[in-house]
Amino acid sequence: MSFDNAYESLLGGEDAHWAFGTGFSEALSGVNREFPAGVDKDALAAYCLMLGDDALIYSQRLSEWCSRAPELEEDIALANIALDLLGQARMLLTRAGEVLGRTEDELAYLRDEREFRNVHLAEIDCGPGPGGDFAATIARLLVFSSWRLALFSRLRGSADPVLKAIAEKGLKELAYHRDHAAQWTVRLGDGTDESHRRMQAGLERVWPFLDELFATHQVEAALQGVAVDPASLRSEVDGVLEAVLSAAGLTRPRDTKAARVAGRAGRDGVHTETMGYLLAEMQHLHRSLPGAVW
Amino acid sequence: MTTALEVASAVRDPELPVLTLADLGVLREVSEQDGRVVVTITPTYSGCPAIDEMGADLRRSLAKAGFEAVEVRLSLSPAWTTDWISDEGREKLAQAGIAPPSRIGPVAAGPVPLNLVPPSRQVACPQCGSPNTQEISRFGSTACKALRRCHACAEPFEHVKEI
Numbered sequence: 001m002s003f004d005n006a007y008e009s010l011l012g013g014e015d016a017h018w019a020f021g022t023g024f025s026e027a028l029s030g031v032n033r034e035f036p037a038g039v040d041k042d043a044l045a046a047y048c049l050m051l052g053d054d055a056l057i058y059s060q061r062l063s064e065w066c067s068r069a070p071e072l073e074e075d076i077a078l079a080n081i082a083l084d085l086l087g088q089a090r091m092l093l094t095r096a097g098e099v100l101g102r103t104e105d106e107l108a109y110l111r112d113e114r115e116f117r118n119v120h121l122a123e124i125d126c127g128p129g130p131g132g133d134f135a136a137t138i139a140r141l142l143v144f145s146s147w148r149l150a151l152f153s154r155l156r157g158s159a160d161p162v163l164k165a166i167a168e169k170g171l172k173e174l175a176y177h178r179d180h181a182a183q184w185t186v187r188l189g190d191g192t193d194e195s196h197r198r199m200q201a202g203l204e205r206v207w208p209f210l211d212e213l214f215a216t217h218q219v220e221a222a223l224q225g226v227a228v229d230p231a232s233l234r235s236e237v238d239g240v241l242e243a244v245l246s247a248a249g250l251t252r253p254r255d256t257k258a259a260r261v262a263g264r265a266g267r268d269g270v271h272t273e274t275m276g277y278l279l280a281e282m283q284h285l286h287r288s289l290p291g292a293v294w
Numbered sequence: 295m296t297t298a299l300e301v302a303s304a305v306r307d308p309e310l311p312v313l314t315l316a317d318l319g320v321l322r323e324v325s326e327q328d329g330r331v332v333v334t335i336t337p338t339y340s341g342c343p344a345i346d347e348m349g350a351d352l353r354r355s356l357a358k359a360g361f362e363a364v365e366v367r368l369s370l371s372p373a374w375t376t377d378w379i380s381d382e383g384r385e386k387l388a389q390a391g392i393a394p395p396s397r398i399g400p401v402a403a404g405p406v407p408l409n410l411v412p413p414s415r416q417v418a419c420p421q422c423g424s425p426n427t428q429e430i431s432r433f434g435s436t437a438c439k440a441l442r443r444c445h446a447c448a449e450p451f452e453h454v455k456e457i
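Just so you know, the protein sequences line up as chains A and B, in that order. Residue numbers for the first sequence follow the working numbering, so the first one is 1 and each next one is one higher. Residue numbers for the second sequence follow the working numbering, so the first one is 295 and each next one is one higher.
In short, the hints are calculated from the structure, not lab data. One or more hints might be untrue.
[What the hints assert, rightly or not] Covered stretches of chain B (in silico footprint by chain A; criterion: 3 or more residues with CB under 8 Å from a CB of chain A, positions within the stretch not fixed): (1) 317 to 329; (2) 341 to 348; (3) 380 to 388; (4) 427 to 436.
Glycine included, every Cβ here is placed at the ideal spot set by N, Cα and C.
Hey, can you work out the whole structure from these sequences and the hints?
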């Protein structure tokens, strides 16, 4: 390969090493994808969208920190965590797409806001812009990864072989994410007066969104043995959060509940105002230049 | 004649080129069925961007060796663990200045224990061998590596973190 022209290798040739991630193959290309007997496929697709959208939307939020974190190592850490979640999202959206007849890209880039099934905690703005703070970002990472880790731990027993495999793999990644958030929470909570104040404020910011994480949805109720009932995660997650907050000298915020619309929230496609802006940024390129690759 | 297994085993990892895919433990199976070669690999991390590159490299190397019909399959279960990195692979990593992972053994069932401080694993400096090293960042230049510093020779180094 010659380097006279930086774009030459993009045009093909057998050594196209210009960048990784160009020309992705399908995320589940050789995995055994048979559906277990008796499973409600529509519900399974809806469930994969729920877990996939949580990861996709939160991954998008985390990547906003790229080049803007307090230190270089943290930049890399948040980007790595976002990448793990994006990998989980790709596999889950591919699984959903097998039932829905759509590709992972179509699901990510061509659905409208009301079709996304992520929890509000994944989409809210915790920074780096004026809507948040690094401490709020850490508070969200602590809550999100503690919850998803507990969920994936149980999902290892799913009757769906693909969900089971995704959970076994993702569990190890989430354990690193949770440890990272927990260690930052202790460092900030047990640090200076200023870092303590901001870490406490970060917790207050995300706490109203905890309730939605443990509310059983009809999709989960319809998938006995395949899905995890999130209500069953509450005590384990509470225990983890208590342990971290206590080590950090922080106070558990009062349990309040973020507003719902006629009882509905993220799992029903009802999102907060910020979601439209997030999707506009995430989907803009693909919608402007359909099928664009780089 | 070189077998498909030998060719596939010699393909290097795109992110850690000192290792072959076999050293890294991501090459799970190579079989020949009706003149076709089926290669099964497993990703290190869910979002590992090198997985497509590995598939392309395998196809390219096998084609050069005369195996035209090649199918690369992805396997997710059982999930990859650093325990699958071979002894030879560990030596190659250390020689390249990257501290190999320690062995973690089977993962216990039930809730995953929380670590409020980084686990105090003894990671020897690959440059001078001193055990007096410290983790700087849990996340490094690739998903599978952490960054550490040696207090004896003051050199920073990478460590393939246990997973």
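Okay, the hints, checked on the actual structure:
no.	hint	verdict
1	317 to 329	violated (count 0)
2	341 to 348	holds (count 6)
3	380 to 388	violated (count 0)
4	427 to 436	holds (count 6)
In summary, the numbered hints that this structure violates are 1, 3.
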